[in-house]
Amino acid sequence: MLRWSALVVFVLWVQAAQAVIETYEFSDPAMRERYRVLSNELRCPKCQNQNIADSNAPIAQDLRAQLNEQLQSGKSNEEIVDYMVQRYGEFVLYRPRFSPTTAVLWLSPVLLLALAGLTLWSTVRRSRRAAGNSGLQDVERERLAKLLQERES
Amino acid sequence: MFVALGLLLGRGLQLDPQALPSAMVDQAFPQFSLTALGTDESLSREALLGAPALLNVWASWCPSCRVEHPYLQRIADLGVPLFGLNYKDRGEDALAWLGQLGNPYRLNIADVDGTLGLDLGVYGAPETYVLDAQGVIRYRHVGVVNEQVWTQTLQPLLLQLGWREN
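Protein chains in written order, with the numbering used here: chain A, 144 to 296; chain B, 8 to 173.
These are calculated hints, taken from the structure and not from any lab test.
Quantities reported herein were computed from a predicted structural model and do not represent experimental measurements.
Don't take each hint at face value.
[Unchecked claim] Pair by pair, the computed Cβ-Cβ distance ranges are:
#1 B:Trp68 <-> A:Tyr226: 24 to 30 Å
#2 A:Glu285 <-> B:Arg18: 57 to 63 Å
#3 B:Leu22 <-> A:Leu236: 15 to 21 Å
#4 B:Leu22 <-> A:Glu283: 56 to 62 Å
#5 A:Asn192 <-> B:Ala11: 23 to 29 Å
#6 B:Ala11 <-> A:Tyr167: 44 to 50 Å
#7 A:Glu283 <-> B:Arg18: 51 to 57 Å
#8 B:Leu12 <-> A:Glu293: 54 to 60 Å
#9 B:Gly13 <-> A:Trp249: 46 to 52 Å
#10 A:Gln193 <-> B:Gly13: 25 to 31 Å
#11 A:Asn199 <-> B:Gly45: 27 to 33 Å
#12 B:Ser49 <-> A:Ser170: 33 to 39 Å
#13 A:Tyr167 <-> B:Gln38: 54 to 60 Å
Heads up, the beta-carbon is just placed ideally off N, CA and C, and yes, glycines get one too.
The following block holds chain A by itself, in its conformation from the complex (with noise of 0.2 Å):
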């Protein structure tokens, strides 16, 4: 037991070790926080499904550098994420602006939920209706009442 959690200790640690490509200081936790968030939420141009805090390629690394500057330099979240849209568009935002161009990677969930929704209320309205109908007509149950009702007897 001892052995397997040492293992599995090692392989997290040397997998943390590579993750880690350059470190920033910051006196203040909420700017460490800030860099964290958005490194996360800003994409690689080159590497594309990384974000900037992963990815090693060297526009990755300018990036982060280019982020660390301009936070310590006082920059706001909105003014960083500007100035990177400005350079790269939007493709950079892991988690895009709504705009007429993004509108529909927003409201597609919105929309296929409702469609979801209304074709589950469809199917469950037709069915209801399909077993309250046995698709006997009258006649047809007044003899099936009667041929129970001699089975009984």
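Based on the hints, put chain B in the right spot on chain A.
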């Protein structure tokens, strides 16, 4: 339903996810103050103005730049003003590279730290920008410039901007 899904996904396969529209298209080329490669001469945005031109982002560490280099030479021989942006490179390596392969560029901006590259939205070499006479970025091509890129994209665009082959 499945046909529609199939068409949608089929279309998705044909799109190139690497092709990013540059946020800088139709924007003015950024201001900069850097030196010319291998000299102390300082260069600014004004050096690129006056005629439609190409600006090629390259580096000696970039294998694809070596691939496109002979083609850039051919384009320069047609009389296209071709500017180089030597991106995050060491000066001596870049000069050795030009000495060995030839220099198709009218001038080379030495962007050692990649600051101009960052302002341009460069994310990797090679990239080639089409500028008009006023220094507005009209197009960005990412990747190697070859016959196809030249005849289908860059040449028509330059002709439209008023460039004439000499």
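Right, here's what the structure says about each hint:
1. The hinted range of 24 to 30 Å is satisfied by Trp68 of chain B and Tyr226 of chain A, whose Cβ atoms lie roughly 27 Å apart.
2. Taking 57 to 63 Å as the suggested C-beta distance range, the pair Glu285 of chain A and Arg18 of chain B conforms, at roughly 60 Å.
3. Our hint of 15 to 21 Å for Leu22 of chain B and Leu236 of chain A holds, since their Cβ atoms are close to 20 Å apart.
4. Checked against the given bound of 56 to 62 Å, the beta carbons of Leu22 of chain B and Glu283 of chain A, roughly 60 Å apart, stay inside it.
5. Against the hinted window of 23 to 29 Å, the Cβ-Cβ separation of Asn192 of chain A and Ala11 of chain B comes to about 26 Å, which satisfies the hint.
6. The beta-carbon spacing between Ala11 of chain B and Tyr167 of chain A, approximately 48 Å, falls within the hinted interval of 44 to 50 Å.
7. Against the hinted window of 51 to 57 Å, the Cβ-Cβ separation of Glu283 of chain A and Arg18 of chain B comes to about 54 Å, which satisfies the hint.
8. Distance hint check: the CB atoms of Leu12 of chain B and Glu293 of chain A are about 56 Å apart, consistent with the given range 54 to 60 Å.
9. In this structure the hint that Gly13 of chain B and Trp249 of chain A lie 46 to 52 Å apart at CB is violated, the actual value being about 26 Å.
10. Distance hint check: the CB atoms of Gln193 of chain A and Gly13 of chain B are about 30 Å apart, consistent with the given range 25 to 31 Å.
11. For the pair Asn199 of chain A and Gly45 of chain B, the supplied restraint of 27 to 33 Å holds, since their beta-carbon distance comes to about 30 Å.
12. Take Ser49 of chain B and Ser170 of chain A: their Cβ atoms lie about 36 Å apart, and the range 33 to 39 Å holds.
13. The hint said 54 to 60 Å for the Cβ distance between Tyr167 of chain A and Gln38 of chain B, and at roughly 28 Å that hint is violated.
Violation of the numbered hints given earlier is confined to hints 9 and 13; the remaining hints are satisfied by the structure.
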